[in-house]
Structures are given as C-alpha cells and as structure tokens.
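There are 4 protein chains.
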Amino acid sequence: MTTSSVRVGVIGAGRIGKIHAGNIATRIPSATLVAVADVNATASEELGAKWNAKALADYQAILDDKTIQAVAICSSTDTHAKIVQEAAAAGKHIFCEKPIDHTLEKIDAALAAVNKAGVKLQIGFNRRFDSNFRKVRELVANGKIGKPHILRITSRDPAPPPIEYIKVSGGIFLDMTIHDFDMARYLMGSEVTQVFVAGGVMIDPKIGEAGDLDTAITTLWFANGAIGTIDNSRQAVYGYDQRVEVLGSEGMAAVSNNLPDTHVHSTRDGVYSSKPLYFFLERYTESFVNEMSEFIESVGNNTATAVTGADGRAPVVIGMAALKSFKENRPVKISEIA
Amino acid sequence: MTTSSVRVGVIGAGRIGKIHAGNIATRIPSATLVAVADVNATASEELGAKWNAKALADYQAILDDKTIQAVAICSSTDTHAKIVQEAAAAGKHIFCEKPIDHTLEKIDAALAAVNKAGVKLQIGFNRRFDSNFRKVRELVANGKIGKPHILRITSRDPAPPPIEYIKVSGGIFLDMTIHDFDMARYLMGSEVTQVFVAGGVMIDPKIGEAGDLDTAITTLWFANGAIGTIDNSRQAVYGYDQRVEVLGSEGMAAVSNNLPDTHVHSTRDGVYSSKPLYFFLERYTESFVNEMSEFIESVGNNTATAVTGADGRAPVVIGMAALKSFKENRPVKISEIA
Amino acid sequence: MTTSSVRVGVIGAGRIGKIHAGNIATRIPSATLVAVADVNATASEELGAKWNAKALADYQAILDDKTIQAVAICSSTDTHAKIVQEAAAAGKHIFCEKPIDHTLEKIDAALAAVNKAGVKLQIGFNRRFDSNFRKVRELVANGKIGKPHILRITSRDPAPPPIEYIKVSGGIFLDMTIHDFDMARYLMGSEVTQVFVAGGVMIDPKIGEAGDLDTAITTLWFANGAIGTIDNSRQAVYGYDQRVEVLGSEGMAAVSNNLPDTHVHSTRDGVYSSKPLYFFLERYTESFVNEMSEFIESVGNNTATAVTGADGRAPVVIGMAALKSFKENRPVKISEIA
Amino acid sequence: MTTSSVRVGVIGAGRIGKIHAGNIATRIPSATLVAVADVNATASEELGAKWNAKALADYQAILDDKTIQAVAICSSTDTHAKIVQEAAAAGKHIFCEKPIDHTLEKIDAALAAVNKAGVKLQIGFNRRFDSNFRKVRELVANGKIGKPHILRITSRDPAPPPIEYIKVSGGIFLDMTIHDFDMARYLMGSEVTQVFVAGGVMIDPKIGEAGDLDTAITTLWFANGAIGTIDNSRQAVYGYDQRVEVLGSEGMAAVSNNLPDTHVHSTRDGVYSSKPLYFFLERYTESFVNEMSEFIESVGNNTATAVTGADGRAPVVIGMAALKSFKENRPVKISEIA
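Residue numbers (the working numbering), protein chains in the order written: chain A, 1 to 338; chain B, 1 to 338; chain C, 1 to 338; chain D, 1 to 338.
You may find that some hints are simply not true.
Intra- or inter-copy, both count: the list cannot distinguish identical chains.
[To be verified] Lysine to aspartate or glutamate pairs mimicking DMTMM-like chemistry, simulated, CA-CA at most 20 Å apart:
#, residue 1, residue 2
1, K206, E250
2, K116, D311
3, K147, D269
Worth flagging that the hints you see were computed from the coordinates, not collected in a lab.
Quick caveat: nothing in here was measured; it's all calculated off a predicted structure.
Please model the entire structure based on the sequences and the hints provided.
Now the structure itself:
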C-alpha cells in the first residue's frame, strides 16, 4: 500500500462488520484495515486474524489511535449515535451503518457532533451503489424519462428474521422499508412529503404478537408532485425481490432482479430458470464494496460523501410517519413528525 | 352454419360494436350476425354491408325479431341500462359493454329486469379472457402461489383520450380503473372491502380542468385479508402497459406486456427491442373474440356467463369509493357506498 | 364485399387448404372464397359448407369458372406442378404451397407455363410474413447491422411426423429445412452458393430405415461472403423452436420464440414460464393470413408477388445440394446441382 | 492465514498473471501469494508490492523456494511447456494458462514430466468455472435433457486483438476457438471425433494478410453420436457474446449473456437495455477466482484437478484439425492429427 492509503478501524465484528472489514482489507486498494473492535473479544480476534489487523475488545483504542483516519461503525443500532459522537470528537471520518438511531433526538445529537467536528459522515445505504439502481437514478437525473410521475418499488425478503430480531428491529418501517424510503429519495431526487400505509400480518402471527407487520403497501407523495408505491413482504419464497421502476412523461426506467445464472431449462413441462439471488449478502455484494470505496475516496480526496447525515435522518422520519399512518389509518404528512 | 347457431344482433356500430360484429361474423362458428343497429344509419349500413347483416337505424327492430336470441349492447354508456331492460323484457340474452351505467340506481334496475326475465347477461370485461391474466387466475385459484398476500396491477394507457371524451367518461375510476377493479376481483377471487387513492394531474392540466385525474395509485383491501396496489397513468409513451402480479405464501404469478415481435437489435449503443402493443385494440384482439365466444357458448349450452351482472356492478361501486377516497383523502370502505 | 373483391378457388381441402379457405373467407376483406375442390368429396363439402362456398370434387370446375381470378393450390405436392400449369393455362393467378415439386424438371415446366401465361405466382413460404422474421429482414436490409457476417437459424419441430409421411416427404431437406433455406435467402438478401451437412438419426431409428435424417446441422456460404449455420431437429420436446439471428459488422438482429402467454411463476423450486407455441398452426397463424392477404393485394393491384417462382425453386436446389453433401460428406456447390 | 494455507508463486506478471496474483492474495483464504516473477522486473515489482509478495525477475527462485507448493504459470505461451517441466521437476503443483503449447511434441513432453513427477496440473480453461456453463453441464450430466443431440456455441469477441498479437496467437482456432473446443468437451462429456470449418476474413483484411481468419463456423461430431456448431467472430460490436445451448431428447439447456445491469429503458422510440459485459476480464471475473480456488483445494486436499493435462491437450488437437479442415475444405477426423 502507498503511504496515502486511508487507515480504517472497524467497530463491530458481526455480520456487517465482517463484510466491511473484508472489503477494506482486500477490495479497496486505497484503504488499509488497521484494527477491528468488538465487545465480543473472540469475534474481534477472529476477524483481526483473518485480515492481519489489530483485534480490540474496546473500540476506544481505535478512536485513540492517531494513525487511524476513519472508522466504520458496524455495532448494534443502539450504540450508533453514541459512537458517532465519540468518533467525531476524536476527529475520525465516519462510515455508519443504517439506521443512525431509532429516535430523532439521538440522530440530531449525532449529526450535530459530526457537524461541529467537521468530519465526514456516510450512512450505509448500500443500495444506492448497486449498478441497477444507479442506472435508474442516472436515467431519471438526466431527464431520460422526462418529468417523473410514478415510482414503484418492490422490496421483499426471502424469509422473515427471527422473532427475537423483530422485537428489537424498530419495526418493519425502520428496519426494512427504510432502505426503500432511501431508494425513493435517491431515485426521485425529491423529498417525500406524505405517506399512507396499508399493512397486515399475513406470514407469521408471532410477528403480529411482537407488535410488528410483515406485509405492507406504502403510498408516497413527493415534493415534485409525483406519487409512488412500495410493496413489502417479509417472505417471498422465491428469493430476495428487489425491483424499482419510475414512469415519467417521456418514458420508464425499470430494473429486475439479479440471478445466480442465466440458464433456461426447456422441457415437456415448461421452461425453468433460476430464482433471484437469495438475500442481501448475495445480492448486494458489490454495492457493499462500492459504498466503502466511495467513502474512502471522499476521505482521501476530501470531497463530500454520497450519503450524508441528512440522508440518514430522512428515511427514519418517513418510517415514523409510516408507522403513524398505519396506526391511525390515514395519510400522514412528514411535517407532522419533524 | 348449422341450425343451432346462436343468432345475434349488435346494437351500436361504433368502435366496439364493429369489433364484436366482425368477431361474431367471422371468428365464432356457432354464432350468426343477423343485424346491426345504430342511430347513425350510415354507420349501421356500412357495418351491415361488410358482414352481410341487416342494417337498422332503430334497435327496436332487433328486439322485435323473434329469430334473434341474443344482443350485444355496444351503444353509448348512458343507454346501456335502458336497453338492457328492454332486451330482457323481449327475452333476449344480453352481452353488455362495460360499464352498465354510472349510477347504482340504473344498474340495479337493469339487473332486476334481467333477473326477472331469466335471460343471461354477460358484462364486457374482456381482459378476463386474455391468456396472460387467465393463466395468473388459474395459478392463484389452484393454490399454486399459496394464500394471496399482495396484488400489484400496472395499467397505463399510451395517451390520454380527447378532453371531450374525458368529460363524459365518468372519470378515470369508472372509465379506466374499472377494468383494474374487475381484474383485482377476478385474480384474487375475493371482494374488495376498502380503497385508498393518491392521484393527481400530471399529464395535461385540461384533464384537471375537466374535473378528472390522469395519474393515480389505488390501494386495495380484500375480504381474504390480502392487500393490493394499482398504478394508473393516462400516458405511458412507450405503449399500453398492462401487467399484474400476485404474491402469495408459496410464490408469485406475474405477467408482462405483449409485444408485436420478439426482435432484439444489439448495437454499439445498446440493445433495442419492441415496445408493447399500442393500445387495447391491438393488445386485446383475442380477448374480445374469447369473451364473445364464451357468451355464445353460455347461450347455446344454457350455462352461466363468465362475467355476471354482479361482476358488472361491483367495479362501479369500487370506482365510486375510489373517487370518494381521493376527494376526502382517506380510506373509504366499500360498504360506505352500497 | 365490393365488386372489386378478388374471387378465389381453393384446390385441396386438407389441413393447409382449410387454413387458406378460412382466411380467405373471414380475414381478408378484399377476397371472396368462391369454391373449394378436393378429390375427397366429403372434405370438399364440409369445407364449402363451413364458408358458404361451392364444393367441388374436381378442381377443373374451378379452372373453368370465368368469375374466378385466382387459385390457391393446397393439394398434395406431387400434383402441384401439373395444376400450376393447368391454372396458368386457364389464366388464373396462382398461390401454390411449397414445394412446387421435388424435381427440377417439373418445377421448371411449371414456371415456364406461368411465365408464358403471364399470370402471377406466389409460393407458400409463409414464414417470410411473420412479424419476427420480417423485422430481422428489415434491420438487415436497412443496414442496421452493417454488412452481414454470420446467419444462425434454429428450426426444430416439436415431434417427428408419422413414418408414412416421412417416406413421401422428400426427406428432411426438402420437407423441413426447405423453409430455412428460404429464410436464409430472405434474411440475407443473397444467394446460397455452397452447403455442407452433418446429420444423423438420433430420435427414431425408423426415420433412418426410411432413408431419412432427423437431426442436421447445415453450413451455408452466401454470395455476399457471409456464412451461416442451420440446426434442425425433428423433436424439441419443449415445442416448436424457431429462432434466427444475423450478426453483422455493426450489430446483431435476433428473434426468439413466441409464447402462448407471458406468465412467470416464481416458487421455492425455481421460476417457470410457458413453452413456445406448439407447432406451425399455432405459431404461424398470422403469417398464413398475411401471405394470402399480400397475394390478394398483388392480384388486385397487379403488382409483383412477394415470393416468386424463382424463390420457390431456389430452396429445392439448395435442399438437393444438402442431401448430396450429406451423402458424400463434403461441401457441395449449388452450381453442381443446377 | 492458517499454517495449512497453500503457498503459491505466480510466474508472469502480465494481464492474466495480475488477475491470478490478486485473486490468490485476496479472494482465496486458503492460499498465500508468496512471490511473483517476471522477466520484466518493473512489472514483477509493481505486482509484488501491490500484494505484499516477493518480487523476482527470475522464476527459478520460485522453483527453488522449498516453502512454495504450487505455481501459476502465466508467462507467454511459448514458455509454458518448458516451465511446466521445470516446475514438475522441482515438485511444484502446477496451474498453467492455456494453451500448454502450440505443438503436440512440447505438450506431450510437458505432460510426461508432470506425470513422472506426480504433481498436480490444472489448465486454465476458466470458463468451466463460470456459473452459467456449470449449470448447463450439470443439467446435461444429470440427464435433465436426456440424450444430447445438438450443441450450439456462440463465441464472439467484442473487437479483434492487435495484428501483432494475431501473428503470434497460433491462429483463431488455437487462440480463441480453443476455449469453445474445451467447452464442447466439458458440456457434452464426450470427445470430439471430427470437425469441419467454414470461415473467412470479414472484419479486417490485415487479419487475412497475417494468415488468419476472423469469422468461422465449426461443425463438430462427438463420440456419443451428437453433433454441434460453433460460431466465432472477432468482432461483435455489442460486446462479448458467450452463449451455449444443448438440445437433447428430453429438453434443452441454454444460457445467455451476463449484463452489467438489468435496466430497461422504455421510450417512444423503443425499449433499450444494456449490452453484454465488454470482454473476458469483466465477464469471467468470478470464473478466474473459482478456477484458482478449486486448484488450491485440489492441492490442499490432494484430490484430482478439474481440468487435467489431457483436457489441455485435446482442444489443441481439435484446433489443429479445424485449421486443416479449413485449408483442405473437408471434414477432418481428429484421429488424423494425433
């Protein structure tokens, strides 16, 4: 590595921490993985050993390391806001997984700390870095579909998460649809102004008992006059279903799912092809690399990050409005929340 | 033709009357086109001459003709209910174009007359007879996708109709979305219980001045617990966009658009293929044949028709609820209407 | 019908005769089906009754009918050349099913008679009138793929015909590949100059015992310098497989199969879609209408036909060269045949 | 890395050496990149520095390093056979890029040395490790298409290589089609017994002046009775075109191209989508990782390699037969060559 490589510490050695650590270590030539930290010392040591990085039980040591310029916060959601503030105070540039927090107070405190410290912050909305969605954004932004009229997002998981996860997830809107709210803002280049939700518990009654939904259709209104619809399910048995389309006055841009292969098997009984890639680890492999790569570039070149603190806050607000809409069975203006 | 052929009179020699007359004359071996009637005598004469049928200015002569067993009512919407009643009184079996009427009073009077006379009635929701949608219905009805959770319909015209038409159309929900409401009931095999509409005027301000919308997203709730979304636009510049999908507990059934050809043109600049078939005349050519053919079979075999009077009434009620929802910006229960 | 309608007699009331008779009677407004003739009087009578046309046992009566301007020759192949000559002598314009004959002597005699009589002749290579192939031809002819380099045709039947048919078919090259030879000439706009065949009996040994092949790959050389490959099979269990593509210096034009519907069924086990349309009756329904419609137009407007006698002769010659190539296991120049 | 990691030296730091070195260093956890060697010391040093490996000008130092178990031979083709022999003598397991050599004498000497030393050898036919082709092989091998009848391979480069490369490439059959010959053997699980070639110079006359072809259709006969066709072009302007299909007695398995994204842009003028991935670096990124990963596993687990020396020799023989066929314009049996 050259001396100008950005030196990074990863905080959190769970599933997403492992992804980012591996990508920093192997896929991003201009970054160096210096250290990983996790309260679970075993997890930390295994990950550090794998990529030849320091293994720490306490992330404070990362913040104290003057040679480290940037941190990737991959710990549990309830610790994000606190660590963002501490990292900002330590002068580190910050990549923080979504959501920043489940409360606006903590989010705002974190963003204020970042702002005060003048460090960079990028939120982990990785789907913006996927080649499919990026192509749609490009077509919309370049006027290739004219003025946007209708946005349609289909976002379905292959199977619900464990009930224990559901209970601490913040609910479907802050855990799952939050990605779609971000995608909506990204694709349309316009703010969401109002939401309406129809939803239910169709897959597993335990999800209902945990106070959550597993199926929802969300209607969106945008500041530019367009409208949109998101349909979410926690269970598409055929795999991770991630499609978007934007209809405009001059055309439509749409993307379909990525498949593991292009095979077609034609038989007496019909024509068979492959299911979509199973879930986000398979589907968004490259977008995780891309988002970190762009973060590193922002740090290295001192340019703005692609997903700002405000971009991290907005989908949380929309998610809160969505939940309120569902509970009150009425359209809810975003301005009612914050 | 054999003597058992069903003898039919067509009332109305406009665009849709021409289609049905031609299909009866040439595509349905078990039917005979006996006469056509239109207040516009020229239209009637041209059509009669083309298919070697009697040309009448007054449809009463068709009702009086004892050799005619069935009529196809293709006149303007405001005359449907009256002619249905007269035809029923004359003992004719009735194929009636959609919608039966724009008011429930007239619809109910018409259905009562049909019921009293004991004649058959089929409403012209032709899309049910399309091979794509029929295949989806079949998969849903046979449990091939498990229990239905989410319905998604995209229904977009290539270009808005003339403003003069808009003014007498009954509005987008009774003129355009009515087909989608029927499709929703057909595909799900369950009644719609509530609707919510987000919509606007995005294509042509004149449509707004005429008191109508040109773009709408309608959320549906079904008696079986499922939910659905319909997105409508009066202008998809790439052609008539007619797609549906149903997600269920065990899979998804979906259909895409029909194209005029399967060509793919690969160049330095990208890969090009054909746009969807332009509009309903091109797209639903065969479904018009199929619906009339099944109507004739129902008459010939004395079996129930595939689209009943109740099927003709329900989408009108949903359309009224949709308009109310848009005006009041709230979900509206179908039971609020009728 | 107007007085300017072209009056047609159909000779032969078998499978293909029925198609043409029905199309002339119902789908082509500018033609009138006057009479049908078949040595099988029952077949003739049934077909005549169906479309309200005269039913004859002897086609001579059609040739003698001065009100008939055109004939469609749909009798058995061995009668084509003779009837063409008689019809030409009677001054009838002629639509003749493919092939004209299995021998060049008879073909040349028939074409000479047509030429002498100055009547129009169109050969039944219906695939040229299919919207898919027509689009490819249009792209090639308009230079949209630059200079053609490689032609690829896949042409596979769903199941072999009965052995009794095989025995009188003239062999795979004159019965089945002949369509592909015509397609090759049509798409490339250039003559075939040489062929080479690799083939075998893979599906049914009885086909081999009858002296025929059931599987073949034919290499083609064209006068314009391009090369091509045709792969044929008598048995694609998934349905009628009819694809072509042309690669050129500036791109590629390709078409895939037509399907009965666009449905996609996504399940835990994979994604299923429909097989291609079963066979030529389903696949080429519209091309049969189009070819007859254009023939009628040629007669009505006194313009050249779209598939000339020379177009009918050339694929027979190529087929003979193909058989010679297979027998001698070497490339055979077309000039070796005729 | 664990102590059981396979230690590898890469010989040759050109385009393909860089790919394998990077993959060994970052994508294959059970391998360690120890050293890279190249006669071009600068290339060697840059590559070594990038992946923290020893940089050598002379590959002899790799062969002398007792800690290195395996080598990847990525040097110029004319050095392959010699280095294979030296590496075998040094007891190294060998991954060797294709082709082993352009002469059978040298190939046989290399394979004899490998055999004598008892080391493992894998040849770099990377396409066998692509998920698309692997799926087709799996379907064929598992009898999912019945008995194979017809193989069809389309293999086209986006643009011809420089003329200087053409001159030393061994010709289109040993440089380009060799991959397709390997694919044919792999997919069919049967040896090629005979070939016939039709070809020409259509893209660039300079290729002809260099004694090579740029466009070819090769017919193949297999020991199992099946036949096949390969169409090659050095210039498909729309990108790297890599498709295969196998028709069998019970169905067909086929794959199409991989695209950079799934976007569809629908406009007034048509529907646009993305071109195939540009060339082999983009298209076969993962297959390069997979082939090396499986080689490392073979070494680590002492199992047979997936592409043997015999697999490396056979396509060269077929290529020689193909060239002979083209020159002599006749089918050539493989047994005529060796």
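Reference check for the pair K147 and D269, CA-CA at most 20 Å: within, between, both, or neither? Classified as between; 17 Å across copies, 44 Å inside a copy.
How would you label the pair K206, E250 (within, between, both, or neither) given a Cα cut-off of 20 Å? Close across copies (19 Å), not inside one copy (45 Å); limit 20 Å.
Give the relationship of K116 and D311 under a CA distance limit of 20 Å: within one copy only, between copies only, both, or neither. within (18 Å within a copy, 64 Å between copies)
In terms of the numbered hints stated before, the structure departs from none.
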